[in-house]
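Please build the complex by placing chains U, W and A on the supplied structure of chain V, with the hints as guidance.
There are 4 protein chains.
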Amino acid sequence: MFDKLHEECGVFGIFGHPEAANLSYLGLYALQHRGQESCGIVASDGYHLKSHLGMGLVSDVFKKDDIFENLPGHAAIGHVRYSTAGGNDMKNCQPIMVDYARGSIAVAHNGNLVNAMEVRTQLENSGSIFSTTADTETIIHLIARAQSDSLIDRICESLHQVKGAYSLVFLTETRMIAVRDPNGFRPLSLGKLDGAYVVASESCAFDLIEAEFIRELDPGEMIVVDKDGMKSFSPFKETKNTPCVFEHIYFARPDSRIFGRMVYTVRKEFGHQLAREYPVDADIVIAVPDSGVPAAMGYAEEAGLPLELGLIRNHYVGRTFIEPQQSIRHFGVKLKLNPVREIIEGKKVVVIDDSIVRGTTSRKIVKMIRNAGAKEIHVRISSPPTSYPCFYGIDTPSRKELISASHSIDEINRYITSDSLGYLSIEGMHEAVTMHGDDKIGFCDACFSGEYPVKFPRLKSDKQLGLF
Amino acid sequence: MFDKLHEECGVFGIFGHPEAANLSYLGLYALQHRGQESCGIVASDGYHLKSHLGMGLVSDVFKKDDIFENLPGHAAIGHVRYSTAGGNDMKNCQPIMVDYARGSIAVAHNGNLVNAMEVRTQLENSGSIFSTTADTETIIHLIARAQSDSLIDRICESLHQVKGAYSLVFLTETRMIAVRDPNGFRPLSLGKLDGAYVVASESCAFDLIEAEFIRELDPGEMIVVDKDGMKSFSPFKETKNTPCVFEHIYFARPDSRIFGRMVYTVRKEFGHQLAREYPVDADIVIAVPDSGVPAAMGYAEEAGLPLELGLIRNHYVGRTFIEPQQSIRHFGVKLKLNPVREIIEGKKVVVIDDSIVRGTTSRKIVKMIRNAGAKEIHVRISSPPTSYPCFYGIDTPSRKELISASHSIDEINRYITSDSLGYLSIEGMHEAVTMHGDDKIGFCDACFSGEYPVKFPRLKSDKQLGLF
Amino acid sequence: MFDKLHEECGVFGIFGHPEAANLSYLGLYALQHRGQESCGIVASDGYHLKSHLGMGLVSDVFKKDDIFENLPGHAAIGHVRYSTAGGNDMKNCQPIMVDYARGSIAVAHNGNLVNAMEVRTQLENSGSIFSTTADTETIIHLIARAQSDSLIDRICESLHQVKGAYSLVFLTETRMIAVRDPNGFRPLSLGKLDGAYVVASESCAFDLIEAEFIRELDPGEMIVVDKDGMKSFSPFKETKNTPCVFEHIYFARPDSRIFGRMVYTVRKEFGHQLAREYPVDADIVIAVPDSGVPAAMGYAEEAGLPLELGLIRNHYVGRTFIEPQQSIRHFGVKLKLNPVREIIEGKKVVVIDDSIVRGTTSRKIVKMIRNAGAKEIHVRISSPPTSYPCFYGIDTPSRKELISASHSIDEINRYITSDSLGYLSIEGMHEAVTMHGDDKIGFCDACFSGEYPVKFPRLKSDKQLGLF
Amino acid sequence: MFDKLHEECGVFGIFGHPEAANLSYLGLYALQHRGQESCGIVASDGYHLKSHLGMGLVSDVFKKDDIFENLPGHAAIGHVRYSTAGGNDMKNCQPIMVDYARGSIAVAHNGNLVNAMEVRTQLENSGSIFSTTADTETIIHLIARAQSDSLIDRICESLHQVKGAYSLVFLTETRMIAVRDPNGFRPLSLGKLDGAYVVASESCAFDLIEAEFIRELDPGEMIVVDKDGMKSFSPFKETKNTPCVFEHIYFARPDSRIFGRMVYTVRKEFGHQLAREYPVDADIVIAVPDSGVPAAMGYAEEAGLPLELGLIRNHYVGRTFIEPQQSIRHFGVKLKLNPVREIIEGKKVVVIDDSIVRGTTSRKIVKMIRNAGAKEIHVRISSPPTSYPCFYGIDTPSRKELISASHSIDEINRYITSDSLGYLSIEGMHEAVTMHGDDKIGFCDACFSGEYPVKFPRLKSDKQLGLF
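Top line first, the protein sequences correspond to chains V, U, W and A.
Straight run, no breaks: the first sequence in UniProt numbering ends on number 468.
Straight run, no breaks: the second sequence in UniProt numbering ends on number 468.
Straight run, no breaks: the third sequence in UniProt numbering ends on number 468.
Straight run, no breaks: the fourth sequence in UniProt numbering ends on number 468.
Simulated from the structure, these hints should not be mistaken for laboratory data.
Errors might be hidden in some of the hints.
[Said to hold, decoys possible] When the alpha-carbon atoms are kept at most 35 Å apart in a straight line, the in silico DSBU-like pairs for lysine-lysine are as follows:
{"id": "1", "chain 1": "U", "residue 1": "192", "chain 2": "V", "residue 2": "91"}
{"id": "2", "chain 1": "A", "residue 1": "63", "chain 2": "V", "residue 2": "50"}
{"id": "3", "chain 1": "U", "residue 1": "336", "chain 2": "W", "residue 2": "91"}
{"id": "4", "chain 1": "W", "residue 1": "91", "chain 2": "W", "residue 2": "163"}
{"id": "5", "chain 1": "W", "residue 1": "227", "chain 2": "V", "residue 2": "63"}
{"id": "6", "chain 1": "U", "residue 1": "455", "chain 2": "U", "residue 2": "91"}
{"id": "7", "chain 1": "U", "residue 1": "367", "chain 2": "U", "residue 2": "336"}
{"id": "8", "chain 1": "V", "residue 1": "455", "chain 2": "V", "residue 2": "231"}
{"id": "9", "chain 1": "V", "residue 1": "336", "chain 2": "W", "residue 2": "91"}
{"id": "10", "chain 1": "W", "residue 1": "91", "chain 2": "V", "residue 2": "64"}
{"id": "11", "chain 1": "A", "residue 1": "400", "chain 2": "A", "residue 2": "348"}
{"id": "12", "chain 1": "V", "residue 1": "192", "chain 2": "U", "residue 2": "91"}
{"id": "13", "chain 1": "W", "residue 1": "64", "chain 2": "V", "residue 2": "192"}
{"id": "14", "chain 1": "W", "residue 1": "227", "chain 2": "W", "residue 2": "163"}
{"id": "15", "chain 1": "W", "residue 1": "50", "chain 2": "W", "residue 2": "192"}
{"id": "16", "chain 1": "V", "residue 1": "50", "chain 2": "V", "residue 2": "227"}
{"id": "17", "chain 1": "W", "residue 1": "64", "chain 2": "V", "residue 2": "336"}
{"id": "18", "chain 1": "U", "residue 1": "91", "chain 2": "U", "residue 2": "336"}
{"id": "19", "chain 1": "W", "residue 1": "91", "chain 2": "A", "residue 2": "63"}
{"id": "20", "chain 1": "W", "residue 1": "64", "chain 2": "V", "residue 2": "334"}
{"id": "21", "chain 1": "V", "residue 1": "63", "chain 2": "U", "residue 2": "336"}
[To be verified] One-sided excerpt, in silico: chain W residues whose CB lies under 7 Å from chain V:
{"id": "22", "residue": "32"}
{"id": "23", "residue": "70"}
{"id": "24", "residue": "204"}
{"id": "25", "residue": "207"}
{"id": "26", "residue": "340"}
Glycine included, C-beta positions come from ideal geometry on N, C-alpha and C.
So here's chain V without its partners, still in its complex pose:
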C-alpha cells in the first residue's frame, strides 16, 4: 500500500532508568513507521521537565550530540506523529508539555477523540485558550481544571469527559501514567528493562532496547509508575473491547505483537483466508512490497503457487523528490517499484496488496505489470473494501476519495484494469484476525462496515478536529 491510509502516531515511555531519554530515542526509532512528520521527547529529572521536539524523522530531530545532555533524568516519554495536511506545523508536535497549578505535565497521545470539539468549546467558553489544534490539548485542560486532589483522580475525572480512541502516556516530575481507552482501540504494551518500566505502542520498541515484554495494557486500564513501583487501575466501567483491525492489516510492524497476536502471523492468515475465498488459476503470486508480503506468502502457501519477487522496491526513495519538468512527469509509483519482466512475462499473476484507497496507485501497478508482459493479472486485497472514514485515529481520506465508498468491486476491477479483483470478506477478516478461535474479540471494523463502536456528535464535514 503506497500513499493511501497513513498510520498516525506512536507513543513510548520509560520510568526508572538512568538513560531514559536515550532509550526513548531508540524506542521512537523502532516506532518510526507510525509517524514520520514530527517527533519529540520530554524527560524528567525528578524536579523539572525538559523537552526536545522537531519536525522530521527521529534520526534527524535528535541528531546533535548535546541534545541528550539537555534531557537528563530517570524518566522520559516520547511521540512520533503523522498528521493530516494543514495541521503539520511545529506547534502540533508532541509530547505537549505545560505548566499548571500543580506543576508541569506532559502527554503523548495516539488516537482520536470524537467529542474533542464539544469539550473544547465548553472549555473555551469558560476561559481556556488553545495553542494547538490537537485534541490532546483538550485533555490537558480538563486535567488542569479538575478539582480532585490526586493526579490520578484528576486524570480519571478528565478522561471520563472525553470519548473516542486514546493510548496516552503522561509524565510529571515524579510519575509516569499510561492509559488505554475503554474500547482499547489503539495498542499499548508494558515491558521492563533493568528494573525500569517501559510502555510502547508496539512491542518492536521493546525488542530494540532489549526490554522484556510483560503484557499489553488492558482496554480501560491505567497504570501509574513512580519511585515506589507500578500500580494498575481500572477507572472505567467495562465496555466492549474493540481494537482496531487495521493495525493488523497495515499499520503495525509485522514483528510486533498487538491485541494478543503477532502481526506477521495474522497477515499470513489473511492471505490464507483470501486464497480460500478468492482462488484463481494462476502461475505465480507476487506482493506489493513491503506491506503486502506476509499476506502474499499466506496466499501462495494456501494456493500452492510459487511466490516471486515480481516487484522490486527502490529503497532510496527520498522525501524531497523533485518531479522532472515538462514531458516526463507522473513517475509516482515507478520511483518506488519496478516489475521484473523475466518473472512476469507470459504469466498469469496474482498480485496481493493490503488495501485500495483511491485506486490510482493500484491502477498504475496493474499497468506496470501488464507492460512487463503478464498474461493475466488477478488482484487480491487482504482486507475488505475501505468504504468509511475512521474517527478513531487513522488518517483516512474523506469518503468521496475512497473508491470503495462509491464504486462496486466490478467497477473498481475495471478502473484498475485487472482481470479479476477479490477482497477479503469482513467475516473472513474476523475469522483470520482471531485465528479462527472461539474467543472472538469484537475488533472495530468501522472503516469496512460503517458500524462505529463509539458514537460521535453530529457528523459535520470538515468540522471534526483535523480528522478528514
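Coordinates of chains U, W and A only, in the frame set by chain V:
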C-alpha cells in the same frame, strides 16, 4: 557597548494594506536591533489568523519564497525578541497566537510585567495551563477569562490586572489593537501608509516602509483599528509618565524618534554634558563603535578635541564563531574591534562608551588601546553607573554581575586600568535627555537610582519570570 | 549483507533528448544502490558543459528547483559513487569535467584501473598535476596528451595505456562516448528513448525512464553518439571475457539484467544450487533482508521448506544515527533487523545471506536469532568464501579483515556461533551464474579464487589508488 | 560605496606554529572584507597537505568543531575570495591543492594575470587539463612542468612566464613561499608570532592574532620559510613599483598599513585634499557609511564644518533578503541606510562617498537625503571618476556600466540629482596617497587614467579569464 545589557523586543503592526505581511517583514527588519533571537509574523485575512515564527534573524526566518503566500490578508503584526538564557527556545517565540471562545487572537509584547508570577499562579489555581514562560501568555489568559462583551472591554479588564511595562499589539480576525502601559515605559509610535495604520516600537520602521510618522501613542493610550478606521481610548487613570531613559542611552536606533526626541540628538547631548562634567586634557576623542559614536561626537564638539576612528569594527562578526583551541583563546572583543596604532600612538586619548556592565569588556578595550601606544586613557561613560536591575523589560544581569553595584568609580577605574574614569551624572542625564527643557518628563532611571516607579511584589531572586 | 562489501559506482548517459539532465537524474536515482556518497550530472547544450555535483543521495543533491535550469541541453551524463574512507571528499565527485586543448570533456567511471599509479607517476613526471585521488583523472590526462587528431582515436590511444576494469561514459560539447574494458568486468547497457540513445550501468535505469533496452555493450566495445546517430567500434584486441560475478551475487539490483541474465533469476539459482550442495534437516528458511531474499527463495524452493520473514527490516535507518551514550551501546544490526520470535521459536532455522566479510555482523544475527528461541541455526551463504581483495572496482576490506582469508569454514562457524555453516562452492557458483549452460562465460571469481584475470604491478599494501 | 566595485581576495600563511590552521582561520576572519564568497585553508603536518574549503563566510565554513582536527600541522595557508558572477562555484575555491611529480603543493592567490589565457592555451596545447577557471591554476601547471631541480627555481621559472598582478602564498609539505609580482600591485606583509613567520594581505590580520608586523614584502620579492628559517630572494629584474591606489581608496581595512601608509590616514588625507579642491558653502558634512567615513572626517576637518551621522547603517543586512512582492519593491539602499531627518532638515549638506560606479546607488542616496529635507546636496567623491576596467585583480564592471566612462561630471551630477558634484583630481589623489612626500611612488591609477602599467594581449571582451 558589547555583550552587556541587551535590548529585548520590538513590535510592529499594520492594518488595512494588501501587503500587510510583507510590510511587517520590512518593519521587523528595521527593528532587528531590538531582538535577534527569534521573530514572527501573524497575519489576518479577515477570517483566520496565520502565523510564521522561527529562531534567528528576520532575514533568515523569512527567507523562503513562499512564506508570504501563507500569510495573506490586509492586517499583520510582528515581533522580534531577545530573551534571557534558558528561555531561548522555540515555544517562546512571539506573536503568541491562540484560539479561545471568541475566536483567535495574537499578541506581540515589548516590556515586562512585575506581577506576572502572581497573576499566573492565580490563573493556574483556577485551571489555566501555560505553554510558555513568557509573561505575555498571562495577558492572553486574562482576556480569555474576562467577562465583558466587547473585546476592547475584555482587554481593558485584563490590563487592569497586570502591572509593569508593556507596549502591546493585538490582532484578531478583524481588528488591530495597540496599547502602551500607563507609565509609558516602552516606546510605540503610530504611522500611516497608503491609508493603512501602522504601529511600531520605533519610527525607523516607518522610514523603511516609507510610512508617514503621525505621533507616538500616549502613555496609557489604547488605539483600535478596524475597517471603519482608528479610534483612541484612555482606559487607565492618569499616572506619572516614566519612559525608559535607557532607550535613549543605548537601545533605540539613533535614527529613531522616541519619547519626543531624536535618539541621535539626545546621545550627542549626553556627550556635550559629559564633556562639561568630566573635561580632560587630551589629544583625541575616540568612540567604542557603534553605539558610542554619537556621544563621542558630542564630547569632541564640546571639548574642542578632534574625533578619530581609533577603533575599527569588523563587520563580519558571525554568530557561530568557533574559539580556537588550546593556547590561543580569549579573543573576545578583539574579533570585533581593532585599534589603529597610528592614530593612538603617543596620544592622550578620551574613550567614549555608553555604559559599563561587568567591566571585563571595558578592561579589554583599555588594554588594547594601551598596547596600541596610548600615553593616557580617559574613559568617559555617557550614562550614570548601572547599579540596579531593570524590571521593566531590559535584560540586565543580576546585581552581583553589575560592577557598579558593588564597586566605587575609583575601584572600577583601577579594574579597567584606565587613567581616569568619568560617568555622566544622573542629573546631567536628565538635563540632556530633556534637552534642558522646562517640561521635564520624569524618565525612569531605576537602573541608575534604584527608584522603581512601579512597585513589584517581593523581590525573589531567580523567581521573577525570566527576568534575571 | 550489511556493512560489508560495498558497491562502488554507477554511470548513466543520454544523448539527443530535450530533457537530458532530468532523465539523468532519474537514471541515477534508479542506480542509487551502486553508490550513496556523492553524485553528479554534466550536461551539454552543444556549446558548453555545465555540471552540478554534491555529497549525498541523488534526491538530496538535486533537490532545489532551479538546478535543472542550469543544466540545459540535449545530452548529459551522470554518476553515483561510493568511495573508500579517506577519499570521501567533494573533490572526488564525478563526473570529472575539465577543459583541455580541444574544448571541454567530462567523464563518469565505474571500475578500477590496476596500473593507475604507474601511469599517474609517468604523467606527473612529465608535468601533469592531479586534483583528485581518483584513477579516472589519469584517463583524462592521457586523452589531453594524446596526439591523435580525432577524439575517438585519442580516447583509444589513452585506454590502450591503462589496464583494469572500466565502464566509462564521456561527454563533450557534441558527443557522448561509452566504452567497456576488454574484459568486460563492469556492466553497461544501451537503450533508446524517443530516439535518444541511453547508456546505464544497469537496465533498471531504463525501466524507470521507460527507455527500451537494446543490448549490453560488448566487452571492449566503444560506442559514439552524436547528432548523426550511433556508431560502434572495437578498438581493443579480443580478450577473455571476465565479467564480475559479484555483481550477480550482491551488487546489481535484482530487477536488472546484466551479463545476459536477470539478476533475480541468478540469485534464485544460487539458492537452488546451495540447497543441493548443503541440504539440512530444518523447519524453515529465512533470509537476511534484502539482498539475501532471492537466494533464500531458491533455497526454500529446492529444499521444499517454507520460507518465512523471520527478520524484519526497519526502513527508517538514517545516515546520522547517534549511538546512545554509556551503557546502551552497540546496537548495530539491531537498528536494522528484528527477529520475529513467533516464527523462530523452537524451530530449526536455515539463514541465507549472500556473503560474510568480517563475520561480526553474521555473529550478531545468529545471536539475535538464537535469542528469539531458534533450536538450531544453519547458516548458508549464497557465494563462496570471500578471501581475496578485488582490484577491479569492488571496495573490499583488506585481506586481514576478511575472515575467510585466515579462517577455515569450521572456525568461522564457531565464531559466528551457528550450528552449521555452508558456502556455495566456486564450481556451483559458476554453474548457477551461467544457468548450467554450455556457453560458460569465464566470470571473474578473483575475490574467491585469488586468480586475477588482469595482472597488476607489484601489490603494495595501501599504495594502490584508494583501493584497500 | 554599496554594490559597486568589489574587493577580490585575501591571502594568509603561517609556518612554524603548532596552531597553524587555527591562526589561519583567525587571519582569514580579519581579512573577510577582501572576499565573502568562499574561503579555505590548507595545512601541512610535514608529510601531507590537508584542506578544508567551502562557499560562504569564514565563520560559516569553519563552524564545526572537528574541522581543525583534520587540519593538523605547523604550517597553513588560507584564502578568502570574491569572484565574478558565473565563476562562483565550489571548484574555484582556493587554496588550490594538487599532486604533481614532486609531491603536493597548494597556492592562494590575490591578483589577476593579464596573459593567463595565452599561457593556458599553450599549456592545453601540450596536454594540460584545467579543472577550474581561475588563472591561478595556470601557475600550478607551469610549476609542474618546470624543469629546474629546486622548487624555488621552478616557481621562479614559472612566474617569469606570467604577467600581471599577484600576491601568492604557496605551501608544500615542508615549505611556505610568498611572493609579490614585480610591480607590487597587491599588498602582502610579513609578520612574526612566537617565532613563526606569518604573511597576510593586510596587517589587520596580524593585529588579531597578535603577531608582530615586521615589514611589507618588496615588489618582486620572494620569501621562503622552512624549518631552517626565512630566506628572501629577488628573482625578477627591477620594475617600476605600481601599487594599486584603489586599495587605499576602498579595498583595504582602515586599520591596515599597506604600501607604507595607514589606510585610515590616507583616506582622511583624501578628504583634506577633496575639501581643498572642491570647497562648498555648507552647513554639515555627512558620510556614506562605512567606507566614506574617514574621508568625510578629513573633509569636515579641512573645511571647518561639523561632521554628522546623517545616514544610519542597519547592521543586520542579511545576504538572503527577500524582496517583497508586487507594489513594494526596490528597497535597495534603504535596507542599509536611513537618513536622520532632524540632522538633515533645512541644511546644506556635503555628502562624502569614495566612488561612484553605475550611479544608481548615489542617485538613491541623494533622493533619500532630499526627502529628509536637505536644502542643498553637494556630493564629493574621494577618488577620481572610475572610467576604466581593472585588469589587475579588482572586479570592476565593464566600461559600459561605468557611468564615468560615458558621462561628464555635469551629466552625472544631473543624473544623481545632486546640487553639485566634485571628484578628487588624479593629481590630488597622488599627492594625498603619498602624503605630499617627495618620494612619490608611482601608484597604479589605471582605473582612472586608462594608463595600464603592465600591457596585456589583445583586449577581447568576455574572453579574459573571468575578468569582466
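So, going through the hints one by one against the coordinates:
no. : hint           : in the structure
1   : U/192 to V/91  : 33 Å, holds
2   : A/63 to V/50   : 27 Å, holds
3   : U/336 to W/91  : 34 Å, holds
4   : W/91 to W/163  : 24 Å, holds
5   : W/227 to V/63  : 50 Å, violated
6   : U/455 to U/91  : 29 Å, holds
7   : U/367 to U/336 : 15 Å, holds
8   : V/455 to V/231 : 31 Å, holds
9   : V/336 to W/91  : 31 Å, holds
10  : W/91 to V/64   : 26 Å, holds
11  : A/400 to A/348 : 33 Å, holds
12  : V/192 to U/91  : 33 Å, holds
13  : W/64 to V/192  : 46 Å, violated
14  : W/227 to W/163 : 31 Å, holds
15  : W/50 to W/192  : 23 Å, holds
16  : V/50 to V/227  : 19 Å, holds
17  : W/64 to V/336  : 21 Å, holds
18  : U/91 to U/336  : 31 Å, holds
19  : W/91 to A/63   : 20 Å, holds
20  : W/64 to V/334  : 21 Å, holds
21  : V/63 to U/336  : 32 Å, holds
22  : 32             : 4 Å, holds
23  : 70             : 13 Å, violated
24  : 204            : 6 Å, holds
25  : 207            : 5 Å, holds
26  : 340            : 5 Å, holds
In this structure, the earlier hints numbered 5, 13, 23 are contradicted, and the remaining ones agree with it.
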